[in-house]
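Residue numbers (my numbering), protein chains in the order written: chain P, 1 to 341; chain G, 1 to 513.
Source of the hints: derived by calculation from the structure; they are not laboratory data.
Glycine is no exception: its CB is placed at the ideal position from the N, C-alpha and C atoms.
Hints may contain errors.
Distance windows between CB atoms, simulated [claimed, not checked]:
| id | chain 1 | residue 1 | chain 2 | residue 2 | range |
| --- | --- | --- | --- | --- | --- |
| 1 | P | VAL25 | G | ILE144 | 56 to 66 Å |
| 2 | P | LEU328 | G | LEU205 | 36 to 46 Å |
| 3 | G | GLY221 | P | PHE9 | 52 to 62 Å |
| 4 | G | VAL313 | P | LEU225 | 25 to 35 Å |
| 5 | P | LEU19 | G | SER268 | 49 to 59 Å |
| 6 | P | LEU19 | G | PRO424 | 50 to 60 Å |
| 7 | P | LEU328 | G | GLY111 | 36 to 46 Å |
| 8 | G | SER268 | P | GLU238 | 31 to 41 Å |
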Amino acid sequence: MNSKNLRIFVPLLSLLSALAVSALVITLSGRDPLMIFQKMLHATLGSSYGVGQVVFRMTTLVLVGLAVAIPFQVRLFNIGAEGQLLMGAFAAAMTGAMLPASLPSLLAISLCILSAMTAGACWALLAGVLKVRFGVNEVIATIMLNFIAQGITGYLLTWHFAIPSTVHTARITDNAIIPTFDSATGWLTNSPANLSSLLTVGVALLLWVLIFHSRFGYEMRAAGLQPVAAQYGGINAEMHTLTSMCIGGAMAGLGAANIVLGYKHYYESGMTGGIGFTGIAVALLAGAHPLWLLLSAFFFGCLEYGGLTVNAWIPKDIFMIIEALTILLVISFSALGKRVE
Amino acid sequence: MGIAIRLSVVSKTFGSFAANSNISLSIEEGTIHALVGENGAGKSTLTKIIYGMHQPTSGEVVIQGKAVRFASPRDAIEAGIGMVHQHFMLVPELSVAENIILGHEQTWLFGSLPLKSAKALILKNSEAYGLAVNPDALVASLSIGEQQRVEILKLLFRKASIMIFDEPTAVLTPSETERLFVTLRSLRNRGKTVILITHKLDEVLAVADTVSVMRKGEIVGTVPASSVTKPELARMMVGRSVLLRVTNPPASPGETILNINRLRFCTSQGEERLRDLTLKIRAGEIYGIAGVEGNGQSELLQTLWGLAPEGSVISGEAKLKGQSLLRKKPAEIALMGLSHTPENRLRHAVILEYTIAENLLFGRHREAAFHQGIGFNSHTIKSYTNTMISDFDIRCISPERQPLSSLSGGNQQKVVLARELNRPGISLLILAQPARGVDIGAIETIHKKIIEARKSGMAILLVSSELEEIIALSTRIGCIYKGSIRHEFSQEEVSLKREAEHEFEKEIGLHIT
């Protein structure tokens with residue numbers, strides 16, 4: 001089998017085996033897996049609301065997936081999408097709440113998105129600087145930065161910005177809200193899917209061009225594949241470490257904008273629900289390719305939302321097991337595929 | 001004498017690729033049997049089959065009369081087969097004796113090591129085979145030649161009767177090589193069977209009893225070494241006649257291009273690697289630096305290409321047409337008109353995963369001629385790629401799709417040379433080990449291109465550990481020893497002495513050790 005077939009075959013195989021294992025777990029919990037899968041399929045893709053929910057989750061997943069995938073092109077493993085997401089979300093909510101209500105919508109949205117991306121990028125850049133300057137392994141740095149981000153946002157929320165007796169910040173100004181598809185076009189009724197999904201597809205395309213069709217990407221991938229050779233070729237590998245982390249963090253920030261500006265309209269404790277970690281699986285399943293990422297995010301989006309809808313039949317704990325198992329299988333099989341290649 | 005190893009119609013395929021096909025070979029006990037062939041001819045696959053690292057797809061392996069099927073090298077070691085790898089398998093932090101008994105301790109897990117009896121045996125063996133080495137010394141403190149002796153002692157300790165040597169002389173100085181040959185002969189005289197894998201034909205003729213030549217996964221011939229000449233062997237290997245030494249017409253050097261004056265290099269640990277190194281290279285000449293690896297060549301190359309490790313202290317002068325090269329970055333140095341093919345091609349000069357076309361661009365991707373928008377101009381690149389491929393005879397199928405890793409070492413090197421020789425506006429070309437890991441056939445092309453570049457008026461600095469290559473190409477030769485040029489042969493001397501190559505090699509050998 002040539003390597004091209006393998007690249008498609010391995011993710012498919014990992015998905016199928018994940019389904020099989022899930023079916024086994026569901027059977028063990030005393031339910032009929034076929035019925036559960038049917039219900040999931042129906043709830044996710046059977047209605048426009050369900051599709052909207054999947055699109056909304058998929059959008060965040062694409063962005064946190066990119067947050068992992070872009071640094072991965074330079075062989076950096078960004079485990080910190082969750083922390084970058086948190087910082088971005090907090091920044092978006094704060095900016096949105098502080099902007100004057102008179103600001104035109106486009107400007108208000110742009111400012112909020114910008115602040116979310118900047119916050120995410122800075123948070124990721126910290127790990128990049130630690131790596132370049134002191135040689136700190138980026139995996140350790142980003143994990144630690146996740147904890148710190150949790151601490152900072154938690155502290156700021158409870159001690160300074162939470163509306164009394166709630167766990168969320170003040171609402172953002174109406175002009176900073178990204179319209180939902182429902183309100184803008186009437187599609188995907190009542191679902192949180194919003195126009196940032198379009199932006200996301202555009203960004204994924206843009207990054208695909210940047211990585212695979214620009215001189216910048218040529219240098220960046222070279223720096224990832226063979227850093228010493230890159231140095232001989234006059235490429236500044238350290239610069240690429242920093243920029244890739246920056247771009248990754250900015251993507252996580254954009255993902256936060258989707259949640260805060262498009263759906264919640266404020267920052268709430270625990271609102272990300274660990275979706276930043278799912279981004280790792282999304283990126284690995286897609287082989288860190290910006291366009292395949294759309295597909296793998298779609299799959300994980302279905303799984304995330306589908307899992308919620310079958311809550312009445314399958315306890316949440318069982319579903320957590322299934323989701324984690326799926327991610328593990330996907331990662332293991334992708335790694336195996338790399339080795340075979 | 002019996003037959004140590006008999007292979008009958010052994011084949012090994014990887015997917016659809018036949019690395020070895022229908023190999024039948026008998027290796028007699030108590031002989032030195034050389035296995036030669038170009039890179040990718042299947043030598044290493046064959047030895048891996050004998051050593052149990054690969055299992056044959058079909059065919060039979062008979063070791064000392066017994067049909068075997070090794071599952072792993074452990075089985076092969078048990079059957080009395082040992083191998084000295086090109087990269088030594090030693091633990092630098094342990095002593096010689098500890099390394100030798102490693103994996104063969106003959107004691108229970110927590111018992112004390114039988115070092116005393118082991119040492120006695122090691123001393124006995126080292127006397128018998130001329131393998132002088134102190135059993136108490138730390139391996140880290142040994143020279144490469146001594147480390148190789150430890151590897152051989154390891155095999156003797158395990159009572160191996162068949163010993164495989166994979167390119168054993170690649171890392172040795174000329175005198176160490178001579179010494180290794182003495183050892184190989186004494187091993188043979190005491191009934192051991194030696195299998196020597198090499199691509200250096202002179203060595204084969206000097207030490208082997210029998211030679212098997214491989215080409216494209218097959219044995220094309222097995223002949224007694226005494227009945228064959230070097231050109232004949234080369235022809236068997238490549239399948240056509242090859243020019244073993246490129247014609248090197250007299251040079252008429254022009255103005256000085258590179259001027260290195262009292263260059264010193266101290267590592268961050270304070271070790272002096274270059275000591276007042278002084279040399280000049282003129283336009284239209286090749287200055288060959290001959291020397292044993294580790295005498296400052298790497299540091300000189302790093303300094304000239306702006307990649308000296310952080311913390312190293314450099315003083316003195318290195319000027320390209322009057323402009324200093326020191327403390328500049330590779331990209332700036334390239335712009336000044338210097339081109340460089342690094343010693344370690346795989347690590348420094350190419351991106352194996354990139355396609356051939358992308359690699360032809362690597363390091364030159366900043367040249368505006370290749371640009372279009374934020375990306376590259378595919379049209380220009382295509383015509384550039386095609387020109388390079390036909391000019392340098394790069395053997396490939398689809399340069400835009402094929403990753404560089406799918407090429408043989410020789411073709412990879414041609415890609416690097418094609419790219420570096422054609423940089424616009426270069427006046428100095430630095431070539432480090434241009435023929436390392438390259439087939440005889442490809443060496444011919446590469447050497448011709450180097451001479452052509454010299455004729456076109458480039459100044460060329462050639463660093464090579466192969467004296468043959470230095471002598472064949474250089475206009476002048478500098479012998480480097482412990483960080484300075486110890487002796488320089490003038491243009492007249494070189495062209496005169498080139499005719500008596502063997503004598504010349506010996507003379508150079510005196511200046512570099």
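Structure-based check of all given hints:
Judged by the Cβ atoms, the range 56 to 66 Å given for VAL25 (chain P) and ILE144 (chain G) holds: they are separated by roughly 57 Å. For the hinted restraint 36 to 46 Å between LEU328 (chain P) and LEU205 (chain G), the CB-CB distance of approximately 59 Å leaves it violated. Against the hinted window of 52 to 62 Å, the Cβ-Cβ separation of GLY221 (chain G) and PHE9 (chain P) comes to about 43 Å, which falls outside the hint. At roughly 32 Å, the beta carbons of VAL313 (chain G) and LEU225 (chain P) sit within the given window of 25 to 35 Å.
About 56 Å separates the C-beta atoms of LEU19 (chain P) and SER268 (chain G), a value consistent with the hinted range of 49 to 59 Å. Judged by the Cβ atoms, the range 50 to 60 Å given for LEU19 (chain P) and PRO424 (chain G) holds: they are separated by roughly 57 Å. Separated by about 42 Å at the C-beta atoms, LEU328 (chain P) and GLY111 (chain G) satisfy the suggested range of 36 to 46 Å. Roughly 19 Å separates the CB atoms of SER268 (chain G) and GLU238 (chain P), a value that falls outside the hinted 31 to 41 Å.
When each numbered hint is compared with the structure, violations occur for hints 2, 3, 8.
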